[in-house]
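S.K.: Kindly produce the complete structure, drawing on both the sequences and the hints.
Just so you know, the sequences run in chain order A and B.
Residues 8 to 307 in the working numbering are what the first sequence spells out, letter by letter.
Residues 464 to 953 in the working numbering are what the second sequence spells out, letter by letter.
Please keep in mind that the hints were generated in silico from the structure rather than gathered at the bench.
Careful, some of the hints might be misleading.
Simulated DEER-style distance windows between Cβ atoms [claimed, not checked]:
1. A:K14 with B:E482: 14 to 22 Å
2. A:A71 with B:E516: 18 to 26 Å
3. B:S498 with A:E284: 33 to 41 Å
4. B:N478 with A:K19: 46 to 54 Å
5. B:E695 with A:A71: 50 to 58 Å
6. B:G474 with A:D225: 19 to 27 Å
7. A:K116 with B:E695: 57 to 65 Å
8. B:E482 with A:F109: 54 to 62 Å
9. A:D225 with B:S498: 29 to 37 Å
10. A:P24 with B:F523: 37 to 45 Å
11. A:N41 with B:I613: 49 to 57 Å
12. B:G474 with A:R269: 37 to 45 Å
For clarity, every value in this text was computed on a predicted model and none was experimentally measured.
Heads up, the beta-carbon is just placed ideally off N, CA and C, and yes, glycines get one too.
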Amino acid sequence: MADISIKEITRKIEELPTPDFIVQRIVSIASSPNASTKELNMAILESPSMAAKILKMANSAYYAMPRRITKLSQAINILGFRSVRNLALSVFTAKSFFSREFEYFNTKKVWSHFMATAISCELLSKFINFPDREEAFLCGMLHDLGKMAMSIVMPDVFEMIVTVAKHKKISFSKAEELLETYSHQQIGRMLFENWQMSEIMIASATFHDSPSLCKSEDSRTIVNLVSVANTTVNILLYGYSGCFDIPAVSDEAWNNLGLTPRKYLNYFENLKIKIKESEDFMNLSNVLDDLQEGELDGTV
Amino acid sequence: MQSQNETNIFGRISNIIMELSKIGDIESSYSTLSSLINSMVKTEEEYFFAEKESTLSEIFNHNYSRDIYDLIKWGYSQGDISMFPEGEGSIIILPISKGPKVLFVYAAYVKLQEFSNEFMMFLRIIAFLMGSLYENLLLYNEILDKNAIIEKNKNFLDTLINGSIDSIIVYDKSMNIYFKNSSYDSISDNSLLLEKLHDINIATIDSNKRQIVELEQDGKFYSIESLPIYFEQESFALCFIRDISGTKELEKLKQLDKMKMEFLSMMSHELRTPLSAVKAYSETIITAFEDMDRDTTLAFLTTILTEANHLEKLLNDLLDFSKLELKTLKLEPSVFDIVELINDIVNSSEQAATASKVTVSFEKSKEHIKVNLDKSRVRQAVNNILQNAIKFCDREKESSFAKISLDDTPSSVEIKVEDNGIGINEKYYSKVFEKFFKVDSSLTYQVQGTGIGLSMAKEFVEMHGGSICIEKSTEGIGTTFKINLPKGVL
Chain A
8 MADISIKEIT RKIEELPTPD FIVQRIVSIA SSPNASTKEL NMAILESPSM AAKILKMANS
68 AYYAMPRRIT KLSQAINILG FRSVRNLALS VFTAKSFFSR EFEYFNTKKV WSHFMATAIS
128 CELLSKFINF PDREEAFLCG MLHDLGKMAM SIVMPDVFEM IVTVAKHKKI SFSKAEELLE
188 TYSHQQIGRM LFENWQMSEI MIASATFHDS PSLCKSEDSR TIVNLVSVAN TTVNILLYGY
248 SGCFDIPAVS DEAWNNLGLT PRKYLNYFEN LKIKIKESED FMNLSNVLDD LQEGELDGTV
Chain B
464 MQSQNETNIF GRISNIIMEL SKIGDIESSY STLSSLINSM VKTEEEYFFA EKESTLSEIF
524 NHNYSRDIYD LIKWGYSQGD ISMFPEGEGS IIILPISKGP KVLFVYAAYV KLQEFSNEFM
584 MFLRIIAFLM GSLYENLLLY NEILDKNAII EKNKNFLDTL INGSIDSIIV YDKSMNIYFK
644 NSSYDSISDN SLLLEKLHDI NIATIDSNKR QIVELEQDGK FYSIESLPIY FEQESFALCF
704 IRDISGTKEL EKLKQLDKMK MEFLSMMSHE LRTPLSAVKA YSETIITAFE DMDRDTTLAF
764 LTTILTEANH LEKLLNDLLD FSKLELKTLK LEPSVFDIVE LINDIVNSSE QAATASKVTV
824 SFEKSKEHIK VNLDKSRVRQ AVNNILQNAI KFCDREKESS FAKISLDDTP SSVEIKVEDN
884 GIGINEKYYS KVFEKFFKVD SSLTYQVQGT GIGLSMAKEF VEMHGGSICI EKSTEGIGTT
944 FKINLPKGVL
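M.R.: Encoded structure:
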């Protein structure tokens with residue numbers, strides 16, 4: 008199966024869309040302590056359509072705002088710098104990786120899986136008292152981007168993996184193992200390394216299906232968190248991510264996060280409600296379609 | 464530039480931690496939070512909202528607008544830090560949470576619309592640290608409340624246990640007192656009782672069985688119940704001691720009442736026997752007077768006299784007894800020879816002794832012993848003892864005897880009456896001198912008697928300042944009574 012060389016993969020990954028100047032600037036401002044609302048506002052407004060989509064998402068049921076947010080600067084103050092950064096990255100990801108459609112693979116569902124995992128990570132952070140909820144959200148949102156990269160870099164292999172997983176009722180990773188291909192975790196790692204993403208983002212992409220392999224102390228918690236959140240989303244949105252097994256939470260992750268059956272059940276029930284409430288937030292067409300109205304608002 | 468920022472962050476973090484670590488209670492956590500926020504941004508208005516009985520309310524009863532309330536409510540459900548634009552400035556919503564649970568929400572109005580990323584990060588750190596701290600304070604308060612409840616319950620139980628008139632003691636396996644209530648103090652100096660308790664509770668622990676004992680100590684009656692209990696896998700003996708003297712007194716009175724009734728019925732029987740004899744003999748004489756010869760008439764009349772005397776004696780006894788009861792009996796001392804008196808008593812008992820086939824003998828150390836006592840009462844006392852010895856002779860034995868001995872000391876005389884009768888069980892030694900007491904209390908009439916003889920003897924002897932007791936007695940072998948009488952002023 009591995010008749011495609013590592014060199015070729017690397018080259019193909021390098022050809023994939025990378026965060027443009029605007030996205031890079033948003034990411035950099037969001038992690039600079041001295042940055043102000045104004046700075047971030049200005050950076051996002053460079054792309055009116057991005058601004059409009061961020062505003063639309065900020066007003067979605069997921070955040071359940073007590074009043075309508077009409078200005079991007081308000082969204083930044085209300086949601087915080089890094090949440091806005093996360094939304095900017097989601098807009099970029101949708102545009103760069105989800106514009107095409109597959110016969111055997113429902114991109115809408117995959118997008119739902121991405122956003123649901125983001126929501127799932129943020130919620131789980133609250134339950135286990137993990138302070139960096141926005142980072143958890145981001146790591147959860149993009150953990151499976153390797154799959155989308157795979158669909159572009161080696162579409163035939165990708166198709167085969169999905170087909171095998173579906174028919175054998177196994178997980179995407181298990182199908183990768185069976186077919187002895189590069190894994191979406193490896194591809195994801197290469198992609199994020201290429202993008203020069205943070206250590207924890209790379210770790211989440213690399214180890215979310217095998218958290219016990221993560222040896223870095225700094226990333227272990229977030230990897231475990233993404234692993235549990237991802238598994239839970241696979242239970243609730245079965246098959247959306249190309250996994251067709253009956254998922255079970257990793258023992259190691261469970262213990263490491265200090266979960267208890269009661270705590271997990273509570274989280275599970277809350278997540279179920281949250282996902283139901285956040286349908287528009289997870290809807291791919293909301294991020295892809297250009298909205299004239301929103302665009303106007305964003306540029307004001 | 465970058466490194467300068469970092470020192471700034473670390474400087475602030477240590478300040479935050481220092482301030483937070485000074486918080487000792489829930490109230491000061493609000494003021495510390497307020498001063499921490501104000502050290503970074505000047506607030507115009509501040510609110511603290513917490514859920515109370517499932518409604519959100521301002522902790523310090525500040526007035527707030529509907530708008531603020533909506534934002535607070537959102538912060539409460541979302542748990543995220545936010546700045547909402549409001550007029551010229553913004554409202555900071557800072558939910559303080561631990562895990563998924565929001566503990567309280569801080570809100571402040573500031574005249575600012577521009578915030579640095581750093582400021583938001585600080586709010587986040589404060590909220591995170593405050594969340595853990597506040598939850599611990601809540602738990603601490605909960606523990607204090609629980610302790611107060613436990614303390615209250617304990618005090619209540621203590622009051623109950625100490626209010627009990629029963630003494631309650633718990634012994635551990637090594638017989639150390641593990642617990643005692645305050646009633647225990649009333650028996651704690653009664654070393655004999657404590658010794659008994661010790662034995663009883665050892666038995667409880669050894670046998671693992673409940674022990675119930677009643678005992679008499681210095682005229683008081685105690686009911687002791689000891690049961691094995693288990694506490695934290697250790698075995699203990701739980702012991703209740705109740706002073707039942709009152710109950711015993713009542714039982715005694717009831718017993719006395721019963722004895723009086725028996726006495727009455729016995730007395731009427733005793734009186735009727737001689738009366739019937741007098742009546743029968745006199746009727747015979749009247750109806751057959753003409754036909755009777757002189758000797759028969761004399762014999763009949765003698766019998767009538769004997770029975771009348773007996774009747775008189777009974778009535779005298781009864782009279783004496785009632786005098787004794789009413790404490791109106793007075794002694795009439797006179798100087799007389801007690802040897803002569805006892806000789807007299809022995810002689811007059813001859814008839815009864817012969818009837819019961821008892822040999823009565825008298826051993827005296829001197830021929831004459833002068834005493835100054837009430838002669839008739841001494842006679843009654845000694846006679847009653849002797850009659851008792853004759854009455855309770857053992858009919859199974861081949862020969863019965865009653866031996867009186869008299870010893871002289873400078874100030875007193877000692878009279879012993881020994882018999883080989885049926886004897887008295889040791890447990891009745893002190894009871895035989897009680898009024899109406901008969902070892903066999905059933906109305907069998909096997910042995911005649913009113914049951915007041917010995918009690919009267921005791922009264923008479925004690926009135927003279929003397930003493931009477933059973934020196935020794937064994938069932939089936941015999942009894943020795945001992946009377947000690949002071950000679951009186953001669």
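S.K.: Mind checking the hinted window 50 to 58 Å against the Cβ distance between E695 of chain B and A71 of chain A?
M.R.: holds (52 Å)
S.K.: Could you check the hint for me, namely that K116 of chain A and E695 of chain B are 57 to 65 Å apart, CB to CB?
M.R.: Roughly 60 Å apart at Cβ, these two residues keep to the hinted range, so it holds.
S.K.: That 37 to 45 Å hint for P24 of chain A and F523 of chain B (C-beta), does it hold up?
M.R.: violated (54 Å)
S.K.: Holds or violated: the 14 to 22 Å window for the beta-carbon distance between K14 of chain A and E482 of chain B?
M.R.: violated (57 Å)
S.K.: Can you let me know if the beta-carbon spacing of E482 of chain B and F109 of chain A is within 54 to 62 Å?
M.R.: holds (56 Å)
S.K.: Just tell me: holds or violated, for the beta carbon distance of G474 of chain B and D225 of chain A against 19 to 27 Å?
M.R.: Hint holds: Cβ distance 24 Å, inside 19 to 27 Å.
S.K.: Holds or violated: the 18 to 26 Å window for the beta-carbon distance between A71 of chain A and E516 of chain B?
M.R.: Given a distance of about 24 Å, which is inside 18 to 26 Å, the answer is holds.
S.K.: Within 37 to 45 Å: is that where the Cβ-Cβ distance between G474 of chain B and R269 of chain A falls?
M.R.: holds (40 Å)
S.K.: For the hint 49 to 57 Å, verify it against the beta carbon of N41 of chain A and that of I613 of chain B.
M.R.: At 54 Å between Cβs, range holds.
S.K.: Holds or violated: 33 to 41 Å for the Cβ distance of S498 of chain B and E284 of chain A?
M.R.: Check passed, 38 Å falls within 33 to 41 Å.
S.K.: Do the beta carbons of N478 of chain B and K19 of chain A sit within 46 to 54 Å of each other?
M.R.: At 51 Å between Cβs, range holds.
S.K.: Just tell me: holds or violated, for the beta carbon distance of D225 of chain A and S498 of chain B against 29 to 37 Å?
M.R.: Holds, at about 34 Å.
In this structure, the hints that do not hold are numbers 1 and 10, in rising order.
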